[in-house]
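The chain contents come next:
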Amino acid sequence: EAQVTQNPRYLITVTGKKLTVTCSQNMNHEYMSWYRQDPGLGLRQIYYSMNVEVTDKGDVPEGYKVSRKEKRNFPLILESPSPNQTSLYFCASALGTGGGTEAFFGQGTRLTVV
Amino acid sequence: GIQVEQSPPDLILQEGANSTLRCNFSDSVNNLQWFHQNPWGQLINLFYIPSGTKQNGRLSATTVATERYSLLYISSSQTTDSGVYFCAVRNQGGKLIFGQGTELSVKP
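If you read the protein sequences in the order shown, they are chains A and B. Counting along the first sequence from 1, when you hit position 10 you're at 20 in this note's numbering, and nothing is skipped either side. Counting along the second sequence from 1, when you hit position 86 you're at 75 in this note's numbering, and nothing is skipped either side.
Hints are computed from structural coordinates only; laboratory data are not their basis. Where is the CB? At the ideal position from N, CA and C, for every residue including glycine. Careful: at least some of the hints might be erroneous.
One-sided and incomplete, this derived list gives chain A residues near chain B with beta-carbon spacing under 7 Å [stated by the list, open to error]:
(1) 40
(2) 41
(3) 50
(4) 55
(5) 107
(6) 115
Could you put the whole structure together from the sequences, leaning on the hints where they help?
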């Protein structure tokens, strides 16, 4: 089954404790990205990747890191989480950036930083 | 940049009723999608519909790209249809631009 898989689904952590949210897709998609969703602010892009070893900042990259060592995986790293990073996070992938390419989302990760 | 606007922002229906949700976008695009965010927060792909009409069960969607709008039709609504419906388009860099959503509540 074609899918984007995120883990974990739910996470409660403490301020400053490094964490990684994993994202994997099995559709051989080149384009992958991370979004966060907050009440009143909608979905905002954090980072994106056009292909292996090619990543770039989205609209709200502060406090996050990403890597794209393999085509299928695009982990989101919070080196020193803070309470303002409490949010619902989504990973998405698409075949490319052009028209004719549908985007698919993971199940979401609900992160709470206390 | 591209602007995406949805209407109405909120909708309350009785089970069995029909509804139409609208999405307007500011620039020519060829990649409009509709999503349903269920009460558990998951974003479910409903339609990838750059133009034309598609149907999937009780749901159908129409995009008129030349007039920059898309419509999502829900017929014979069920309580499981509750949640937030988003339309989104991708800009040239691949980023999804979302509308603010329509929050649908279907009452039994």
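Each hint tested on the structure:
| no. | hint | verdict |
| --- | --- | --- |
| 1 | 40 | 9 Å, violated |
| 2 | 41 | 5 Å, holds |
| 3 | 50 | 9 Å, violated |
| 4 | 55 | 5 Å, holds |
| 5 | 107 | 3 Å, holds |
| 6 | 115 | 4 Å, holds |
The structure is inconsistent with the numbered hints 1, 3, although it conforms to all the rest.
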